[in-house]
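J.: One letter stands for each residue in the lines below.
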Amino acid sequence: MTDTPGRAAGLQTSATVLTVRQVQDYHAMTLVAPAVAERFRPGQFVALAVGGADTARLVRRCLPVYEVKPDYGGTVEVVFDHRGSADPGTGWLASRRARDRIDLVGPLGRPFRLPRDPVRCLLVGGGPGAAALFSLADTLRRRECTVHFLLGGPTASAVFGARSAQRIGDSATVVTEDGSLGGAGTVREALPKVIEESGADVVYACGPTPLLRAVSAVATEFGLPSQVSVEEFLRRTAACGTGLCMTCVLPMIGDDGVTRMVRACTDGLVLRGDRVRWGDLGTIPFDALGAPRALGGAL
Amino acid sequence: MTDLTVRIGPLELANPVVTAAGCGGTGRELARFFELTRLGAFTTTSVMLQPRAGRPTPRVAETPSGMLTAMGLPGPGVDSFLERDLPWLAEQGVPAIVSVAGNSLEEYAEVARRLNAARAVAAVEVNLAAPNVEDRGRMFGRLPGPAAEVVRAVRAATRRGVPVLAKLAPDVADLVNVALACVDAGAEGLSLINTMAGLAIDPVTLRPALAGVSGGLSGPAIRPVALRCVYEVHAALPGVPIIGSGGIATGLDALEFVLAGASAVAVGTALFHDPTAAPRILRELEEALSARGIGRLADAVGLAHRPPGHVPPQISPRRGATRPGRASEPKEKLP
Ligand SMILES: Cc1cc2nc3c(=O)[nH]c(=O)nc-3n(C[C@H](O)[C@H](O)[C@H](O)COP(=O)(O)OP(=O)(O)OC[C@H]3O[C@@H](n4cnc5c(N)ncnc54)[C@H](O)[C@@H]3O)c2cc1C
Ligand SMILES: Cc1cc2nc3c(=O)[nH]c(=O)nc-3n(C[C@H](O)[C@H](O)[C@H](O)COP(=O)(O)O)c2cc1C
Ligand code: FES
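Sequences listed follow chains A and B, in order. For the first sequence, my numbering gives the first residue as 1, with consecutive numbering after it. For the second sequence, my numbering gives the first residue as 1, with consecutive numbering after it.
Just so you know, the hints here were simulated from the structure itself, not pulled from any lab data. By construction, the Cβ of each residue, glycine as well, lies at the ideal position given by its N, Cα and C atoms. Errors might be hidden in some of the hints.
Using C-beta positions, here's what the derived DEER-type ranges look like [as the list claims (entries may be wrong)]:
no., chain 1, residue 1, chain 2, residue 2, range
1, A, ARG97, B, ALA236, 39 to 47 Å
2, B, GLU35, A, GLU144, 50 to 58 Å
3, B, ARG119, A, ASP117, 16 to 24 Å
4, A, PRO292, B, ARG159, 42 to 50 Å
5, B, SER80, A, THR220, 39 to 47 Å
6, B, PRO10, A, ALA98, 50 to 58 Å
7, B, GLY137, A, PRO115, 34 to 42 Å
Okay, the calculated bits of chain A under chain B, using three or more residues with CB under 8 Å as the criterion [unchecked claim]:
no., stretch
8, 48-57
9, 243-251
10, 283-289
Full structure from sequences and hints, please.
T.: Take a look at the structure:
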């Protein structure tokens, strides 16, 4: 589709599918995209066009990156939820075969900010979003941080990466709501104990919005900084992933204390958990900059 | 080389492909993908007097070959626009068509007046699909009277030499009459079309899919409507330059608009799907013109309006253009 090379060469590429496999409840797709792999930083995402060159589906699907590897010049592996989703676009992605081509834009978004000194990091994940935590874990390990995992989901098959977490983490706690894997319960219930036991200095999280909200609240109670990736919110609201369409906005408190509607795709994906107004997602808070005036205002 | 220059009143653009209002971000987002100077012009998101947060999410629903959006005209307000966004566009060296909107006649005029402080405004495009607070939120462009009033107010507030364009939506009883009224009121060009009203319902929540309930339909789904609008208005006002938009995604789409009567084309929704769509469309349009033996873009504007019987150059997919023939003895067999 694109024969005009991106100005930042490779920002938009026709990526070749290497493999599509099922991983528990999700699909993992590996794509050959050297320029993306080269520039990728943990927490960034890619935006895929679905349906092929003459498609009637115009909205890009924004997916977290699980892993980049140097193979074939550079590959990018993305994880997405097809079975739990009614979206025919992800169905199309799931039915791709080796050597198919997909128009890919990325890497996009702001990555996780990294601590400069070796600190204890707690990585909290839920659902397919947990995929984004593993490249982060690698980078943190290289900076000599300790890495603790807390992963959760409704059932065992909905928890992504439990085994990898056990392999690479200094500790890994898994909870499921039905008790089919690890402890029975939710991430929120398990979090205080994991924070205490790991002695975490910082919490990173990626997953469904209610999980991020809970993690941010608990981290703040403990006086810890939290960096959360609003990946699920972006998947539900985005049209472009590149900052052009303004459809992915959420309310966030700025350094000056003013709430603004910021774009998840360009101001995020990774945001400070304590700055997002979680209770006001899907609204325009009355005190946000440019909000419709409460009385006598327009619209 | 094909001559691609476009005249809109006193403004000359190097080529006919511009971004559609509200679809190119601040310009910075697109500049990561290509040099903005490859555009004929960059059209800004509609600028209003005050900062606006817009509508809550969800703001978009995917529809067949299109998108339904209810944004609520979000933006930083004219002062921040003049301070941060316009100077940046000027630095890039791309002509800036500044789209303006307001909730009242005075607001439109005030925004236009403040723009005069900046040298970098190539043209002012009046978004007449904004809701008129004084008329129960009905859009200004719905009737010729209010549309003309707004255009007159903006024209009076805008520096001479800066052309004013009126941008119209198709959801009106008589688009040609609205267009005529806008031109009478001083519009030097027209932008056709803005989005059309539509609705989508979420089968999971069983409620309207957008927070704003109904939204604006854009993308290839509205292209035939947009073409009809351009054709009708060009037939009525052949001397008025039109910027055509509505689902343009390829060079041949752009050519259709030119043949229907557009002097330039705006690319909107296609940018969300393919951020490098604009330079690609320009290249494809240039190829399409030269394959048809058309050396000047201006010569192709409105060609579809010629009476039947006049036989144009026929295009062979394999051999390109042949010389014009006579109806009785076609050089090429048509399929
Ligand atoms: C969770 C957390 C813990 C911290 N702990 C400490 C601490 O113990 N001691 C201390 O002195 N400071 C610490 N800091 C401060 C930190 O080092 C930075 O000074 C701070 O985050 C400034 O933010 P930044 O955006 O410049 O992020 P930085 O992580 O410093 O990154 C700078 C920029 O480079 C980009 N970037 C991110 N990752 C990479 C990468 N892998 N390679 C190249 N570029 C990258 C980012 O986009 C970012 O904008 C901590 C910060 C955080 C968020
Ligand atoms: C997300 C979005 C935002 C838009 N914002 C504006 C705007 O601020 N002002 C305006 O005049 N038109 C706006 N439009 C309309 C477009 O400029 C364009 O006229 C319309 O979408 C049809 O073209 P397209 O099918 O190529 O997108 C917007 C359209 C979309 C989809
Ligand atoms: S998805 Fe388009 S601006 Fe964020």
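J.: Does each hint fit the structure? Answer for all of them.
T.: Hint-by-hint comparison with the structure:
no.	hint	in the structure
1	ARG97(A) to ALA236(B): 39 to 47 Å	53 Å, violated
2	GLU35(B) to GLU144(A): 50 to 58 Å	42 Å, violated
3	ARG119(B) to ASP117(A): 16 to 24 Å	49 Å, violated
4	PRO292(A) to ARG159(B): 42 to 50 Å	32 Å, violated
5	SER80(B) to THR220(A): 39 to 47 Å	31 Å, violated
6	PRO10(B) to ALA98(A): 50 to 58 Å	57 Å, holds
7	GLY137(B) to PRO115(A): 34 to 42 Å	51 Å, violated
8	48-57	holds (count 3)
9	243-251	holds (count 8)
10	283-289	holds (count 4)
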